[in-house]
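Take the given structure of chain A and dock chains B and C to it, following the hints.
As given, the protein sequences belong to chains A, B and C, one line each in that order.
Just so we're aligned: 230 in the working numbering is position 230 of the first sequence, and the numbers increase by one with no gaps anywhere.
Just so we're aligned: 60 in the working numbering is position 60 of the second sequence, and the numbers increase by one with no gaps anywhere.
Just so we're aligned: 4 in the working numbering is position 4 of the third sequence, and the numbers increase by one with no gaps anywhere.
Think of the hints as simulated: they come from the structure by calculation, not from any bench.
Glycine residues also receive a C-beta, built at the ideal position from the N, C-alpha and C atoms.
Just so you know, not all the hints are guaranteed correct.
[Unchecked claim] Label pairs and their calculated CB-CB ranges: (1) B:D66 to C:G46: 40 to 46 Å; (2) A:L274 to C:G121: 18 to 24 Å; (3) C:T32 to A:R115: 30 to 36 Å.
[Unchecked claim] List time: in silico SDA-like cross-link candidates among lysine to any residue, alpha-carbon distance up to 20 Å: (4) C:K242 to C:S257; (5) A:K127 to A:R115; (6) C:K242 to C:D284; (7) A:K127 to A:P86; (8) A:K127 to C:R31; (9) A:K127 to B:E242; (10) C:K242 to C:W303; (11) A:K231 to A:L258; (12) C:K242 to C:G263; (13) A:K231 to A:A250; (14) A:K127 to C:H30; (15) C:K242 to C:E261; (16) C:K242 to C:Y292; (17) A:K231 to A:D217; (18) A:K127 to C:T122; (19) A:K127 to A:R98; (20) C:K242 to C:H180; (21) C:K242 to C:H291; (22) A:K127 to B:W201; (23) A:K127 to C:Y293; (24) A:K127 to C:R28; (25) A:K127 to B:L114; (26) C:K242 to C:Y293; (27) A:K231 to A:R242.
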Amino acid sequence: MTDTAIEAAGLGRRFGRRRAPALDGCTFRLPAGRVCALTGPNGAGKSTLLALAAGLLRPTEGGITVLGTTPAAARERLAYVAQHKPLHPQLTIAGTLRLGRDLNPRRWDARVAERIVAEGGLDPDTKIRALSGGQRTRVALALALGKRPELLLLDEPMADLDPLARHQLTATLMADAADHGTTVVMSSHVVAELEGSCDHLLLLGSGRVRLAGPLDDLLAAHTLVTGRAGKALDPHTVVESRATGRQLTALVRPAGPLGDGFQSDRPSLEEVVLAHLRSPDAPPLLLDRRGAAV
Amino acid sequence: MTALGTATAPAVPPGGLVRTVARTHRTALVLTLLVLATATAALAWLHSLGDEARAGNRACATPPTDGLPSCAAVEAITVDETYASGLAVIATVLSWVMFPVAAWAGGALVGRELESGTAQLAWTQSVGPLRWLAAKLAAPAALLTAGTGGLVLVNVWARGDSNPNLAGDWYYPDVFVSTGPVAVAYALAGLALGALAGLVWRRALPAAGVALAASLLLHSLLERHREDLWPSVTRTEAGSFELPRSALQVAWADSPVNGVPVTRATFHPESHFWPLQYVETGLLLAVAATATAAAFVLLARRLP
Amino acid sequence: MTALDTVTAPAVTRHTSPSRGLVLAMLRLHRTALLFWLGLVVVAAGALLWAMGPGADAAWAEYTDLGCDQAAPNLGCDSPGPANSRYQTAVTVAIGLVRLLPLLTGAWAGGALIGRELENGTAQLAWTQSVGPARWLAAKLAVPALLLVTGTLTLTLLHRMLWSADRGAAINVMGWRAWHDTGVFEVNGTIAAAEALAALALGVLAGMLLRRTLPALGVAVLTVMSLVYVLDALRPYLWPVKTVVTSLDDGTPGIDSMIVETGAMTASGARVPIPSCSGEPGCDARTGITHYYADYHPASHFWPLQLMETGLLLAVAALAAATAFVLLRRRTGAAV
Chain A
1 MTDTAIEAAG LGRRFGRRRA PALDGCTFRL PAGRVCALTG PNGAGKSTLL ALAAGLLRPT
61 EGGITVLGTT PAAARERLAY VAQHKPLHPQ LTIAGTLRLG RDLNPRRWDA RVAERIVAEG
121 GLDPDTKIRA LSGGQRTRVA LALALGKRPE LLLLDEPMAD LDPLARHQLT ATLMADAADH
181 GTTVVMSSHV VAELEGSCDH LLLLGSGRVR LAGPLDDLLA AHTLVTGRAG KALDPHTVVE
241 SRATGRQLTA LVRPAGPLGD GFQSDRPSLE EVVLAHLRSP DAPPLLLDRR GAAV
Chain B
1 MTALGTATAP AVPPGGLVRT VARTHRTALV LTLLVLATAT AALAWLHSLG DEARAGNRAC
61 ATPPTDGLPS CAAVEAITVD ETYASGLAVI ATVLSWVMFP VAAWAGGALV GRELESGTAQ
121 LAWTQSVGPL RWLAAKLAAP AALLTAGTGG LVLVNVWARG DSNPNLAGDW YYPDVFVSTG
181 PVAVAYALAG LALGALAGLV WRRALPAAGV ALAASLLLHS LLERHREDLW PSVTRTEAGS
241 FELPRSALQV AWADSPVNGV PVTRATFHPE SHFWPLQYVE TGLLLAVAAT ATAAAFVLLA
301 RRLP
Chain C
1 MTALDTVTAP AVTRHTSPSR GLVLAMLRLH RTALLFWLGL VVVAAGALLW AMGPGADAAW
61 AEYTDLGCDQ AAPNLGCDSP GPANSRYQTA VTVAIGLVRL LPLLTGAWAG GALIGRELEN
121 GTAQLAWTQS VGPARWLAAK LAVPALLLVT GTLTLTLLHR MLWSADRGAA INVMGWRAWH
181 DTGVFEVNGT IAAAEALAAL ALGVLAGMLL RRTLPALGVA VLTVMSLVYV LDALRPYLWP
241 VKTVVTSLDD GTPGIDSMIV ETGAMTASGA RVPIPSCSGE PGCDARTGIT HYYADYHPAS
301 HFWPLQLMET GLLLAVAALA AATAFVLLRR RTGAAV
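Isolated chain A (complex conformation) (with noise of 0.2 Å):
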């Protein structure tokens, strides 16, 4: 097994030659046995690049490795699930298992399959029409996580699930990660829920790569500051700053020391999500190169 999950290199795809490029330069590295948060807009290039990574299209510039080869010939080790998860509507769900069974002849677990589904409360004789969204996501994981993968991808995993069911299943994607170290990209508008499972970060914007890098190394970079309007926050960079009336707020990545008249302060994950997300000219911030602090 390799130590690196996937590494991008000025990867970039186009849809067509008058729109916008879906993704722009991306370079980042994913080492393996992270479960990584991958986050951004609508319309930044998640989908696309986990459709990149799973091999299922090809980029327009630059080249993405994926378990130390090519995405076609990590396929045997990588699971993907799609956003919308599709699935065979006229098979039951013991015939979903069974196709994923059949397909994957070298690397099924019946029994990991099964079990997920049973502890959804399944029967497996129900068609994979009857069944509600957050129960289709749960097959669809099924489907997933029966392959053994060594690399997990999941476009939008918990988008319909009820607040129960989002927790129990990332408990079972937590512990089979833990268990296996399985690495897992997981992209995802829902920050908060994120910071207590993530240990990666990879937040995309307008196509290209903001930040990546550990979650808690990229943390520790930024500081929110708050402080009378009019002062000067050179050298420091500045990733977002607001001010109302005479305050004002910033969220910067401090090239030293702080100068008295400013107050310092943690940022949460969500914070430094959403002032990323709200100035898209903040230079990107990438920890992840092979031999950075880990």
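Below, chains B and C alone, put in the same frame as chain A:
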């Protein structure tokens, strides 16, 4: 609390619904109009060939005598073959309209919308489900009636005097269907069967398949039993005789009775064309009405 | 840092090859279509078997009872009686099903086999399993192809048995069908199977191009209809014709074969259409006609014509399948 008088939802003008249906099924509309235009143009052109074609089908003699032209000269005129094959193609197209209509109605008109949920989208606009179904059926029905009916009229006009050598005998299946109201009735029955199939299966492909199969069955059954739709005429005579070409023979018995050779022929003369048309049209319209009623009942049953 | 255990080997006892699993998955997924196909073959085969046995016997008995095999048949022989009608219906149903097959195959391949899966994402689901896109497409082509060819060839064999039994009778009941009639020609040889294969490939290509169920279905149907129409028109020209020349006294040749072209010839051997004054005295001298000719295909040309047309159809099928693979590769960049 202010008394909220029950404000009636603003009635959607019928024009709005029809426009929505037309816009949703733009492709089918354009294709239908194209086919209608092409067929009308083809029939007009064939009509212009009519006189020459009849010249190519006259009595002849070799060598030419008594004012009859030479047979080789008559044979050399190939326009009549073009005329005959052109009319045959149009007759076949007109009598098979039912099949693509049924498949489309089951698949694209009703089935796909129920499968993808866009039907429910329409129902939560100011239009209720029953009005939605009515508009879905009325607009194509009107277009089919006008289009097929018009084509039948143009077809009859292009056939001229309906010389059976050129235009086919009146009882030939494609000719029978394409020269009377039966063609329109087939199209409407196909539409209704497709809509019913779409409502029963609620998925595009199965509905299209079942609608097509049902149409095939109906078409074949009626073709085989057409001669039973109206009482036939029996002619019994001693000795032997021959039925004219214009008679559709149903049965023939040639057994001698008490040593006297007697021939009994059961047939439909040409005068039975219109009674047969009316009965078959009535049957098909009954099928269409039943299928439509069943569709509405099914939809109403599913709603609270 | 999470414990980097090596992935434990899955507790899988079977060592099936990926291909066998893929074939089984395909059969289970398209169960309805499989049953429909089996049903169609059973109905057509049943009709042919009945027609060969009891149907022909009853029709022949009715024919002879009516005296139609006598030297001077009575006029009731012009229309078929009930037993003959049933015989004709059975044969027509069987032939009709075979003729309908390319259309149905193209529609199903474009709509249900490929188009629907690309539209609702289950194709991409299959592509991220261990088999990969190229194997998936290969299975989607190979499994239906095998089933179609087996079924169609069975029906071809049965029809050939019926045909030879019919020709064998001293006076054939079914003189109304010639070897070169549309429908008879295809089902008596390899063309029926090849048409089904071409329709399958064209449907798959339409599905890959359009990626939506109903448009792919419509386009596939139109393409298959056009293909069949074009090949029908091309059929007489696929093999060199034989020419027969008759003298003016014998009149224009009327042969019971597939006539391709007929006309008159001048002394220099040039071919001209039959003149409009023909039959009149002195006409031939005036227009310089010396003989009549006819280009035709005798029955011995059956297999050459079949094989040429089969070759064309297989080429269309191969081209369409190859294009589908190229399209797939362009989308996913998959090597295998």
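For each hint, the structure was consulted:
The hint said 40 to 46 Å for the Cβ distance between B:D66 and C:G46, and at roughly 57 Å that hint is violated. Here the CB-CB span from A:L274 to C:G121 is close to 31 Å, at odds with the stated 18 to 24 Å. For C:T32 and A:R115, the hinted distance range of 30 to 36 Å is satisfied, since their beta carbons lie about 31 Å from each other. A threshold of 20 Å between alpha carbons decides the hint, and for C:K242 with C:S257 the separation of about 11 Å falls inside it, so the pair holds.
Restraint check for A:K127 and A:R115: satisfied, since their Cα atoms lie roughly 18 Å apart, inside the 20 Å limit. Using a Cα cut-off of 20 Å, the hinted pair C:K242 and C:D284 is violated, with the two alpha carbons roughly 25 Å apart. With a CA separation close to 14 Å, the supplied pair A:K127 and A:P86 stays within the 20 Å bound. The straight-line distance between the Cα atoms of A:K127 and C:R31 is roughly 15 Å, inside the 20 Å bound, and the hint therefore holds.
Distance restraint check for A:K127 and B:E242: the Cα-Cα separation of roughly 66 Å exceeds the 20 Å cut-off, and the hinted pair is therefore not satisfied. At roughly 15 Å between alpha-carbon atoms, C:K242 and C:W303 fall within 20 Å of each other, so this suggested pair holds. Straight-line distance between C-alpha atoms of A:K231 and A:L258 comes to about 12 Å, which keeps the hinted pair within the 20 Å bound. Taking the CA atoms of C:K242 and C:G263, the gap is near 14 Å; set against the 20 Å cutoff, the hint holds.
A threshold of 20 Å between alpha carbons decides the hint, and for A:K231 with A:A250 the separation of about 11 Å falls inside it, so the pair holds. Distance restraint check for A:K127 and C:H30: the Cα-Cα separation of roughly 15 Å lies within the 20 Å cut-off, and the hinted pair is therefore satisfied. About 11 Å separates the Cα atoms of C:K242 and C:E261, which keeps this hinted pair within 20 Å; it holds. For a cut-off of 20 Å, the pair hint linking C:K242 to C:Y292 stands: about 14 Å separates their Cα positions.
Between the alpha carbons of A:K231 and A:D217 the distance comes to roughly 27 Å, so the proposed pair goes past 20 Å and is violated. With a CA separation close to 15 Å, the supplied pair A:K127 and C:T122 stays within the 20 Å bound. About 13 Å separates the Cα atoms of A:K127 and A:R98, which keeps this hinted pair within 20 Å; it holds. At most 20 Å may separate the alpha-carbon atoms for a hinted pair to count; C:K242 and C:H180 meet this at roughly 15 Å.
Restraint check for C:K242 and C:H291: the C-alpha separation of about 16 Å stays at or below 20 Å, so the hint holds. Between the alpha carbons of A:K127 and B:W201 the distance comes to roughly 15 Å, so the proposed pair stays at or under 20 Å and holds. With a C-alpha separation of about 69 Å, the suggested pair A:K127 and C:Y293 falls outside the 20 Å cut-off, and the hint is violated. About 14 Å separates the Cα atoms of A:K127 and C:R28, which keeps this hinted pair within 20 Å; it holds.
A threshold of 20 Å between alpha carbons decides the hint, and for A:K127 with B:L114 the separation of about 18 Å falls inside it, so the pair holds. Between C:K242 and C:Y293 the CA atoms are separated by roughly 10 Å; this keeps the pair inside 20 Å, and the hint holds. For a cut-off of 20 Å, the pair hint linking A:K231 to A:R242 stands: about 12 Å separates their Cα positions.
In terms of the numbered hints stated before, the structure departs from hints 1, 2, 6, 9, 17, 23, listed from lowest to highest.
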